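Since the structure of chain A is provided, determine the placement of chain E on it from the hints.
From first to last, the protein sequence lines stand for chains A and E. Each residue of the first sequence is one higher than the one before, counting from 1 in the numbering used here. Each residue of the second sequence is one higher than the one before, counting from 1 in the numbering used here.
Derived from the structure by calculation, the hints contain no laboratory data. There could be a bad hint or two in this list.
[As the list claims (entries may be wrong)] Some residues of chain E that are not near chain A, with every Cβ distance over 12 angstroms (derived):
{"no.": "1", "residue": "M1"}
{"no.": "2", "residue": "C7"}
{"no.": "3", "residue": "K14"}
{"no.": "4", "residue": "V16"}
{"no.": "5", "residue": "R21"}
{"no.": "6", "residue": "H44"}
{"no.": "7", "residue": "G51"}
{"no.": "8", "residue": "L54"}
{"no.": "9", "residue": "E62"}
{"no.": "10", "residue": "W66"}
{"no.": "11", "residue": "K67"}
{"no.": "12", "residue": "L68"}
[Stated by the list, open to error] DSSO-like mimics (lysine-lysine), calculated; alpha carbons at most 30 angstroms apart, straight line:
{"no.": "13", "chain 1": "E", "residue 1": "K14", "chain 2": "A", "residue 2": "K124"}
{"no.": "14", "chain 1": "A", "residue 1": "K127", "chain 2": "E", "residue 2": "K67"}
{"no.": "15", "chain 1": "A", "residue 1": "K72", "chain 2": "E", "residue 2": "K67"}
{"no.": "16", "chain 1": "E", "residue 1": "K37", "chain 2": "A", "residue 2": "K127"}
{"no.": "17", "chain 1": "E", "residue 1": "K14", "chain 2": "A", "residue 2": "K72"}
{"no.": "18", "chain 1": "A", "residue 1": "K72", "chain 2": "E", "residue 2": "K12"}
{"no.": "19", "chain 1": "A", "residue 1": "K248", "chain 2": "E", "residue 2": "K12"}
{"no.": "20", "chain 1": "A", "residue 1": "K358", "chain 2": "E", "residue 2": "K37"}
{"no.": "21", "chain 1": "A", "residue 1": "K127", "chain 2": "E", "residue 2": "K14"}
{"no.": "22", "chain 1": "A", "residue 1": "K349", "chain 2": "E", "residue 2": "K14"}
{"no.": "23", "chain 1": "E", "residue 1": "K11", "chain 2": "A", "residue 2": "K17"}
{"no.": "24", "chain 1": "E", "residue 1": "K37", "chain 2": "A", "residue 2": "K349"}
{"no.": "25", "chain 1": "E", "residue 1": "K67", "chain 2": "A", "residue 2": "K239"}
{"no.": "26", "chain 1": "E", "residue 1": "K14", "chain 2": "A", "residue 2": "K23"}
{"no.": "27", "chain 1": "E", "residue 1": "K11", "chain 2": "A", "residue 2": "K248"}
{"no.": "28", "chain 1": "A", "residue 1": "K17", "chain 2": "E", "residue 2": "K12"}
{"no.": "29", "chain 1": "A", "residue 1": "K248", "chain 2": "E", "residue 2": "K67"}
[Said to hold, decoys possible] From the structure, some residues in chain A lie toward chain E, with a derived Cβ separation under 7 angstroms:
{"no.": "30", "residue": "Q15"}
{"no.": "31", "residue": "S16"}
{"no.": "32", "residue": "A68"}
{"no.": "33", "residue": "K72"}
{"no.": "34", "residue": "D76"}
{"no.": "35", "residue": "K248"}
{"no.": "36", "residue": "R249"}
{"no.": "37", "residue": "Y367"}
{"no.": "38", "residue": "R397"}
{"no.": "39", "residue": "N400"}
From a predicted model like this one, the values you see are computed outputs, not experimental measurements. From the three backbone atoms N, C-alpha and C, an ideal C-beta is built for every residue, glycine too.
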Amino acid sequence: MHVDMNAFFASVEQQSKPSLRDKPVAVIGAQQRTVITTSSYEARAYGVTVGMTVPEAKKLCPDIIFVAGNNKKYTDTCTRLVELYGDYTPLVEVYSVDEAFLDITGSLSLFGKPEDIAMRIKRKILKGFGLTCSIGVGPNKLLAKLAGNMQKPDGFTTIRPEAVSEILEKMPVGELCGIGSRLEIHLDAMGVKTCGELGRFPVKELVNKFGVVGNKLHQMGLGIDESPVVPIEDTPGAKSVGHSMTLKRNVSNGEEMERYLLQLSEMVGRRLRRGHYFGRTVAMTLRYSNFQTFTKRCTVKEYINDGFDIYLVALDIVKMIRLKYTVRLLGVSVSNLVTNYCQMPLFKKDRDRISVLKAMDKINDRYGEFSVTQARLLDRYSHKGVIAPAWRPTGIRNVNY
Amino acid sequence: MVFGADCIGGKKIKPVWFIWRERQYRITEVTYTWTSKEGSASVHYFSVTDGQDLYEIAYNTETMVWKLMAVEVEG
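Next comes chain A alone, as it looks inside the complex (with noise of 0.2 angstroms):
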């Protein structure tokens, strides 16, 4: 089972605020240079889609309303949501947001047909948080989200194994999950356009041409996913750990650039403090005024989680770029990683370090993030930033916003 909620953060806006009720709503984030997230099916009438600038929405939609989204709100909204999933099936994987998918094959004996478990989702969903969502059940997660889509808002789909093969038929390739508007052009430049289509065009050819993905292709077309659902206990350990930020406006000076990359690696290293893990490469991301945008890395001997050694890498890479344009964004992230890392430090000094540090995290558990921190951080970028898709409710991959 897929569900997918319907305008997420559109739906709590007007939820939260009954005056936005029935009105074209867009959610943009709480920074001004920023684009919007979401929009409520009133605005999206008009045109008003995912990324577009303010100026642009309000072109098409004169009447917008516009309103500075919430992250705090959303994130509690879907663990919320993911405790009510857990009431049915103990599979309950995370995939976005305001997606999840439901393993609830061992559940229907306790609650009936997957009709039954899907419309007391749904009036759950609304009586307790006044949401709608959509609803798609399938034998595959594949299937199950492209039922999920097939009826929006607040619709219920079912796709029984026996109309897997008529309902792909037609059905343009576009409409399953995972191939994007890239892969469906060179997919339409090789005479494929429904997913009937997909299914028998020679796998060798799709292999040829796309590589290991190219099985995976032909059997999306076929409408095979052995996927499991992945619950969130069960998801394996984060790769990388990373923040970045959009700059409050866009930056030459090497002293603010500075401040920021503090910041971010300060942010970095409570993470992986919190999840246990040290590590080894440290990577920069830097975008241009002109959103010209590249990474640069750097592998350092000693497996490392404190922000201020995070920092000291970053810094290294910045030193080795020549500006050519201002920056409008930058990110830290640290990869190579591995967990509960222990090197006993031969020196006081350092020694001395990872005490300040332990009791540094144990005041800013206690009183909330940068309630200690380094003093070029007092003024910092107050900075909410947008919901990471690999956010998750627990975990390593958990970011209080």
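Frame of chain A, contents of chain E only:
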């Protein structure tokens, strides 16, 4: 500021009224709730209306302090 709240089933907090600038506001509808962790404290946020305007109020479970966070006046 003074707040009045019900405790439903010994678990759920439901704000009922608050006094702000010497005037009592009766909450007619809690339109949305969410919780946020601020350090080790849980802060429960309530989007509420008195039938006319919209208010955001918050209750910190650690300090047991209610706060009026935002007011959105209709019109």
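| Hint numbers the structure violates, sorted upward? | Those not satisfied are hints 6, 7, 8, 9, 19, 22, 24, 25, 27, 32, 35, 36, 38.
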